[in-house]
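K.L.:
For reference, the chains in residue letters:
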Amino acid sequence: MQAKFPGKLLPYIFLLPTIIICGLFIYYPAAMTFRTSMYQSLFFGARQRFVGIQNFTRLLTSPNYLRSMGITLWFVFLVVAIGLSLSLLIAVLLNRKLHAAKALRVALVWPYALSPAVAGTIWLFLFNPHSGLVNYLLDLLFSNKPDWFSHPTLALTMLIVTSIWNNFGYNLVFFLAGLQNISDSFMEAAEVDGASFWRQLFHVTIPLLSPTIFFLLVININYAFFDTVGMVDVMTKGGPANATNMLIYQLYKDGFQNFNSGLAAAQSLILFVFVVGLTLLQFRTTGRMVHYGS
Amino acid sequence: MRKLRWIVVCTALVLALIGSAAVFAAPVKVTFWHAMGGDIGRNMEAMIDDYNASQSEVYVESVFRGAYPEVLNSTIASAMAGTAPTVVQIYEVGSLAAIDSGVFVPIDQFIGPDEVDWDDYVDAVMNYYRVGDTQWSMPFNSSSAILYINADMFRKAGLDPDNPPKTFSEIIEASRKIVESGVAPYGITWPLHTWFVEQWMAEQGAPLVNNDNGRSARPTTINTDTPEMRRIFEWWKELYDEGLWINPGVEDWDQANAYFMGQQVAMEITSTSDVTFLTNAGREAGFEVICAEMPVPDDVPRHGVVPGGASIWLIGNKPREEQEAAVKFLKWMSSPEQQVRWHKSTGYFPIRKSAIEMLEAEGWFKENPNFRVALDQVLETLPSVGTQGAFIGRFQEVRNILEEAFQMVMGGSTVEAALAEAKTQVERSFADYNSLF
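Protein chains in written order, with my numbering: chain A, 1 to 294; chain B, 1001 to 1437.
Chain B on its own, in the form it takes in the complex (with noise of 0.2 Å):
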């Protein structure tokens, strides 16, 4: 009688302690896959784990997957294979190809009409990631390419640092006075990548693609046969003719960076997701870092910049409770508070007007200047097609044509020779990829 009790009584225990664990809902699991590494992956964990901490509705687990590029291929593989995340970060050069791979499904599905107030939203960025009508990824690490200037070399070489080179001759004139004086070796740097040519192009007004900059249309061919770009390649031949440019390596933006930090060169062009990193690093080896807006060619009216940066995507066929806890997430990531914590750690620029307007108000903008530039280049970007960046598919591959023309310039090649080259190959590669649609 007595062990029958027992018995009754600890399977009683038993059943209410299942039936307590369901009543307490258990977080929904959202894997994200992201690409930030070194100093910028650290704080973004930071942030992960804050969230995970603050609430219980979502766990996120982040895996740091490697570069940009590895991180979509990893993606798409894995979606093919069933195994992907709920979201991934992907660079905006992948945004024709995340959407032509039929992996992802719009956040805007996932989001009522007025539970967002787009409007709040820098209009750059978001203009980037819309098809039409469409809101396709939501926007986080945001980004655009400054002029980081070693103040003391400029002073020591009779440069003024406050009265920054704004064209590309004042850029000439400024190495060889670095390069004359001896105060560095070289007089300016910045990674071998496309991305910079992007840039200047958008600077210019000119798309770099036709079909209204892959817009409307999947790109058929490249503007490499114009004024624009030759102005480009041109100077930058130049400056590696004369020995005022040193070459860091492809794609390299670590060795770009130790070159500036090394104080082998007084400028360096790179993108502002290194602010906090650089002038931190100068203020430890003894020197002030200035930022400046991009030099431009000249009597040419600036444009603007393509914001750069990447964007966070919500993989398709998951469980609709996995994508919606995954688009709470998204929600707080660029919230203005954690966009306001995201600039300062890193560089990046807010995405949302009103974190813009809190660190006005606080006067974080007048302390630390150099945050100022990047968001600056953004917010008086001229909206074109030219500024909105191109949509292409394969623009790894394009990317890639372009460093090798201008490696073979670096070799002797003419601009026009180089870039002709390039054009027969990206078109090439345009044909292959347009027929599979």
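Same shape as in the complex, but just chain A (with noise of 0.2 Å):
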């Protein structure tokens, strides 16, 4: 159905101050980044240098760089499977009558209106190794009171435990939406037909939920490439010695720290270019497996 306007000029009006805002806050900034990353530059721009590609050679070829590019990767791998795995889980579980359902659901739900980097200063409270309930507990019953801060693995899997936590209410939130929607007649038929818990999930629960979890998918990948970086300079700083180096957090340090605008600007479009090719990977194969319309 289409919108038939009075004017051939109408239309754009009405799309002119989108364009315009668009414009200055998204594409002008792109453009300028693209041209920031051919120099080598200091203090926002006070002092520049042309060296055209120079800046993606050295990232590209720089083992640190790949070095972190590994570990951003082996990081959103985790927290977007575990983190979607985990919320389907539990809001399935929750999709039932419980008394305590709404409770429950507020309480699950409401880390994700914390700032990723408040998320980070609780868990680095409950980390402490020293001080910390992570530690108390663990020492209660392993005797082990591992040193989160200064073990590379451990450090990472801190990182990863702070992200799904404060992602979780997102992701809850739409399972519990998508399933509401799946009407009560194929649950019923499938437990008439005598499937169990698990098969019911997968075979019925999962292929109706795929457009939520797709989508799902997109967001916690950005999500994890992104929004992390408050939280890896509250707990880790990138440490220890670079285990935990996220590729957005060694952009903040170039272009904050180190006043390399040009480096970093270069930084931020090989990260585009990754998340923009791995959204569109993911639309040509699970995108494909997606079942739109019950």
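Among the hints, a few may not be true.
[Unchecked claim] Selected chain A positions facing chain B (in silico; Cβ < 7 Å):
1) Leu42
2) Arg47
3) Phe50
4) His130
5) Ser150
6) Gly239
Treat the hints as calculated values from the structure; they're not laboratory data.
Note that this is a predicted model, so its numbers are computed, not measured.
Using N, Cα and C, we set each Cβ at its ideal position, and we do this for glycine too.
Make one complex out of these two single chains by using the hints.
P.N.:
Here's what the structure looks like:
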């Protein structure tokens, strides 16, 4: 159904505010980023020198940067996979008529309202090797108090746990909404056919939820790549020895601590290409597996 | 007729009011960005409120802009955008970046030859912020690193707090005794921060970078392959490997303080700017805090420390009237009376010799010996290229690289390998920076 406009000019006038804002705040900065990435620069452009693609070649041949990329990909994979699976499971369990359903729902969703930096601060205290709650419980149960900040794998684990916790509410809300859209007749039919809980989950619920899952995949990947920079800064500052140096955190350091806007812009572009590429790949592969309309 | 008279009278009154308002000059507004938060921040705000209340020529609006790196960053960004403040507190290691950014103007351009008694300012501090004959900024809060000791824990472990450990090996022995006696789970802590490495290099009389510590020309390499640097890292590694030093986190001043106040360690090395805070915290928690000079490597004569902290810089491209008002504010902030007040409420040492004399005259240091330690360390410093402090443009990057180097050591790397890697990275950073000049 197409809208009919009385004149040829009117649609463009309606679009104008959006175009202006997008232009000023998205397209123009993107173009400037592209330009900046071809310079070695200092102090936000006070001094600069054209270097062409040198920033890019430096980054793509730097073992530190490639290591950073590996760490980020591994981090994103775990945050998305574990985060979505866990929130789906909890959503399915929470979808039943429980007495405490409403209260549980609030309790599980509200951490999403916290900014990643605040979530990082909370878990920083919880993971404190000496006085944190996590180590207190681990000590009680296993007589072991690991040093979460000094060990590379433990530091990454800490960040993964915090990221999943922070975004959990978002995933839960969407899954619950999606589940409520599934008519009961599907679930009853499956039960009548003798399907177990897991069978129902994998053969009925998940295929019917596929649009939601696909949407959340894209959102979560974006979240894990970009929104966790505050968390990294608060908890580990990229350490120990760059074990948690996410691509976005290295970008922040280069742009805002080392005054190297050119290198930061180049990293920004590489990240952009990466994430867009990943999203396109997703549309091609898992996008095909989505069933729209029940 | 009556109406006309009323109109004339009212107009005359209004004009008179406007005229009289013009006679009373409104105070010149000065915006001041600083990095002082928490207790120290409250003290600073109180001082500025008093300044505003005490005179009507200058009104200072102060804004807390976060930690030192953020303040420098946001200042340069805002200067590019044309929305910069009038004066800014920049940390000492941001000095070369501040000069190279072109955003600031030396304060001595606004201070006449006899207006300020520069001789009354502590030499070590003035020399840090001077390049050639130009005095770039007004020193304000200067600090050095000192050793805080939990005297009660020391006595329980059989150590004498009045005879504190002075050398690296004495720290190791004291820490071992603390841990073995079970008095505390760890012996010592300090934030995982390159500032301490810089201080230990200076104590050994070694410049951190080449070209006279970056003072005669921008540095091209860092002195990580020297015995002085290796001594620092080897000792630090030994403390970590033996479980005597606890890692509070990278550049985490608060967590290091928390460990000391929570009595998880018997010793802490941190800035003198926390002397008031930690002494009071100790008193509340029931233990006595004694301060001592930083430990130094064995068999190396003490050369002294690099003044830490920050100074206040003047932004260029502002109306002359505003800059002159700002300079009035700076002179007041560094006046002896205000320096005495600032010292007593925080622990930063006074940068005016007359302020020190005032404090001595009233017996302040006798009653509060902890406050004397940092000051003595600075006054006894032998002037040299090493103790003048390094001038590096991308100082924060160099700090990050050295902090990563020690984290590699904690992860099992040898000191040689970690320092060699650090050197390569720093040299590349220097090459990039210098290529733009």
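K.L.:
May I ask you to test the interface hint for Phe50 (chain A) with respect to chain B, counting a Cβ-Cβ separation under 7 Å as satisfied?
P.N.:
violated (11 Å)
K.L.:
Does Gly239 (chain A) hold up as a contact with chain B if the rule is Cβ-Cβ below 7 Å?
P.N.:
The hint holds - Gly239 (chain A) has a Cβ within 7 Å of chain B, the shortest such distance being about 5 Å.
K.L.:
Can Ser150 (chain A) be said to touch chain B, with a Cβ gap under 7 Å?
P.N.:
Given a least distance of 5 Å, the restraint on Ser150 (chain A) holds.
K.L.:
Answer holds if the nearest beta-carbon of chain B is closer than 7 Å to that of His130 (chain A); otherwise answer violated.
P.N.:
At 6 Å from the nearest chain B Cβ, His130 (chain A) passes the 7 Å test, so the hint holds.
K.L.:
Once the shortest beta carbon distance from Leu42 (chain A) to chain B is found, is it less than 7 Å?
P.N.:
It holds, given that the least Cβ distance between Leu42 (chain A) and chain B is near 5 Å, below 7 Å.
K.L.:
Taking 7 Å as the limit, does the beta-carbon of Arg47 (chain A) come near enough to a beta-carbon in chain B?
P.N.:
holds (5 Å)
The structure is inconsistent with hint 3 alone, although it conforms to all the rest.
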